[in-house]
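Student: This is what each chain is made of:
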Amino acid sequence: MPTMQIREALRAAIDEEMARDDRVFVMGEEVGYYDGAYKVTEGLLAKYGEQRVVDTPIAETGFSGVGIGAAMAGLRPIVEFMTFNFSAVAFDQLLNNAAKLRHLSAGQFKLPMVFRGPNAAAHMLSSTHSQAFESFYCGFPGVKVISVATPYDAKGLLKSAIRDDNPVIFFESEVMYAVKGEVPEEEYLIPIGKADIKRPGKDVTVITWGQGVSVALAGAELAAAEGIDCEVIDLRTLRPLDDEAMETSLRKTNRCVLVYHGWPYGGTGAEVVDRLTRNCFDHLDAPIERVCYEDLNMPYAENLEKLVLPSPEDALSAIKKVSYRD
Amino acid sequence: MSEATAAAPTAATDKDELLRLYTEMLRIRRFEEAAARAYTQGKISGFLHLYIGQEAIAVATADLMKPGDRVVTTYRDHGFAIALGCDPGACMAELYGKKDGLVGGVGGSMHFFAKDKGLWGGYAIVGGHVPVAAGHAFASKYLQDGAVTLCFLGEGAMHIGATHEGMHLAGLWRLPIVFVIENNQYAMGTPLKRQTAVDDLTVRAPAYRMTSDRWVVRDVFETRQRLARAVARARDEQQPALIELLTYRFRGHSMSDPAKYRTKDEVESWKERDPLYRAETALGAEHGMSAEDIEAIDEKVWAEMDGAVEFAESSPLPDPEHRFKYHLVEEGED
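So the protein lines, in turn, are chains A and B.
The numbering used here puts the last residue of the first sequence at 326; the count rises by one with no breaks.
The numbering used here puts the last residue of the second sequence at 334; the count rises by one with no breaks.
Chain A on its own, in the form it takes in the complex:
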């Protein structure tokens, strides 16, 4: 099976879907002539032209809204945020328009569109450019939310997101675009809403997503060296959550740790803990632990940033704690 980078897998997904359906187009800052700030859209302008690879001015509210209006009128936009940090200025468009217009119109409109781009911390970008947005975007109905960690998942899930008739928020990562992995040559789709077991195990369930996946897998390796066999579950879709996959694993291991990029207060991590605590209370042998950002604004300095971010060692500590091995 050939290997490719996540950015190439994303590009292949967009390319295939644009070739498949004339209504699919890409819009965002530097997606065209610059070939994409992170080269996800490289070559697409040359192939599809200005009508379908649309460079925008720096106007997230404007082009998010245009994407929404275009989707209502029958197109299938892929709106790229150079980073989800910039989506903050377009929040009203996603919250009040993308997520609500189908409902407000009693089903008269569909919004088949994708908002995609890198999310969460990269490396030494300080507080405004290091934020994880899943807790905001999972916090309201009317959207689906995806976060990918491998080229295989990136391609299969982005293709499904583009074909979905709902607004899909699709998280990538600046520091993961070059991550390589196997991607089949033949076409495939990954269903939205299905988690994936990235490492089978029997002692502790480690639930993770996005940038957390590599941290969780590294933490699981450290735990294995100490005789603890972790099952690492990559949620991949954060809304709707795959309750069944999480609960099946937890009922087997009776212990659970979450490893993710994002703040601890509220949000997706807290939602997972709440659901598992209520739905699997009798199966839990220890309180669920969370390994995530410290509840702080991200500092720039490398040593400080490292302290705020979750590490494999932090994951190991939590895994040992729920195993009463600390």
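One should not assume that every hint holds.
With a Cα cut of at most 35 Å, we get these calculated DSBU-like pairs of lysine-lysine [to be verified]:
#: 1; chain 1: A; residue 1: K252; chain 2: A; residue 2: K202
#: 2; chain 1: B; residue 1: K43; chain 2: B; residue 2: K325
#: 3; chain 1: B; residue 1: K325; chain 2: A; residue 2: K194
#: 4; chain 1: B; residue 1: K66; chain 2: B; residue 2: K271
#: 5; chain 1: B; residue 1: K117; chain 2: B; residue 2: K43
#: 6; chain 1: A; residue 1: K47; chain 2: B; residue 2: K141
#: 7; chain 1: A; residue 1: K39; chain 2: B; residue 2: K141
#: 8; chain 1: B; residue 1: K141; chain 2: B; residue 2: K117
#: 9; chain 1: B; residue 1: K43; chain 2: B; residue 2: K115
Some but not every residue of chain B turned toward chain A, in silico, with C-beta under 8 Å [said to hold, decoys possible]:
#: 10; residue: V106
#: 11; residue: G128
#: 12; residue: V132
#: 13; residue: A133
#: 14; residue: F138
#: 15; residue: Y142
#: 16; residue: H168
#: 17; residue: L169
#: 18; residue: G284
#: 19; residue: Y326
No wet-lab data here; the hints were simulated from the structure.
For each residue, glycine too, the CB sits at the ideal point set by N, CA and C.
Dock chain B against chain A, hints included.
Tutor: Chain B in isolation, oriented as in the chain A frame:
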């Protein structure tokens, strides 16, 4: 204001046409009065923003629309719904939060949608609809469907970022869209002079490479004629426009606003410009209609609106299960 009011509007020469447009304007006014009455009686809750005084704009617009054209407007949206042919009973039922409402009781007064009539939405976050409307026009250009989008906004929406970004993209990409500012003088209770450094909002048009026009809405014919020019250029030349219509709402911002921030003299002076009043006067003075004939029209319109209220009151509440619908497109749903 003086230069904008200077040009005398063209008087209508065709009695039947004037009568038709007068009746359409009157239908909106009586609908709004019926809604206000129901609100006062406690039968309608939520926010209720009335279009009384601005009816000529919706009526003129509806006349210009071709199949596929779209109106996107604000939360003051009842007038467009009536003008575009929505059933007043369904509109009233929506205000009542009933099952037979325009959107089944999920949207209320501020969120009317009737895609098949060309009403692509009443939007309740000020300025938030402007980029969306530009997106409809973007799709028209992409699909080359020949449709024009008409985006209405209050003068209060001219000061929020979304409006600027939406207009900016429409100008940059030469989208087939006409932005119409319904300047009814007050953003809630704040007069324009305390909101912006300029008197004339169309001064922004050149920054978006848009054409502009600006007039006092005294005459439904004049309004239709001048809007038609902008619509034609949007359709035929992909030339977007920014139009400022000077108008007035005779009621407060919403039903809870007694409008104490304006003088009686000011209200009276606008009543003389009221297109509905002027059309009624012209029907009598220029076309020889008797007071009884005009009264008969009013009675007929009132009967329609009383019927709408009756329909709303007798419509059932939405089914409890209805709250689960339409949040997402489900498998197999269109």
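Student: Hints first: check each against the structure and report whether it holds.
Tutor: For each hint, the structure was consulted:
no.	hint	in the structure
1	K252/A - K202/A	holds, 7 Å
2	K43/B - K325/B	holds, 25 Å
3	K325/B - K194/A	holds, 23 Å
4	K66/B - K271/B	holds, 32 Å
5	K117/B - K43/B	holds, 27 Å
6	K47/A - K141/B	holds, 20 Å
7	K39/A - K141/B	holds, 27 Å
8	K141/B - K117/B	holds, 21 Å
9	K43/B - K115/B	holds, 27 Å
10	V106	holds, 6 Å
11	G128	holds, 5 Å
12	V132	holds, 4 Å
13	A133	holds, 6 Å
14	F138	holds, 5 Å
15	Y142	holds, 6 Å
16	H168	holds, 6 Å
17	L169	holds, 5 Å
18	G284	violated, 42 Å
19	Y326	holds, 4 Å
When the structure is compared with the earlier hints, a violation turns up for hint 18 alone.
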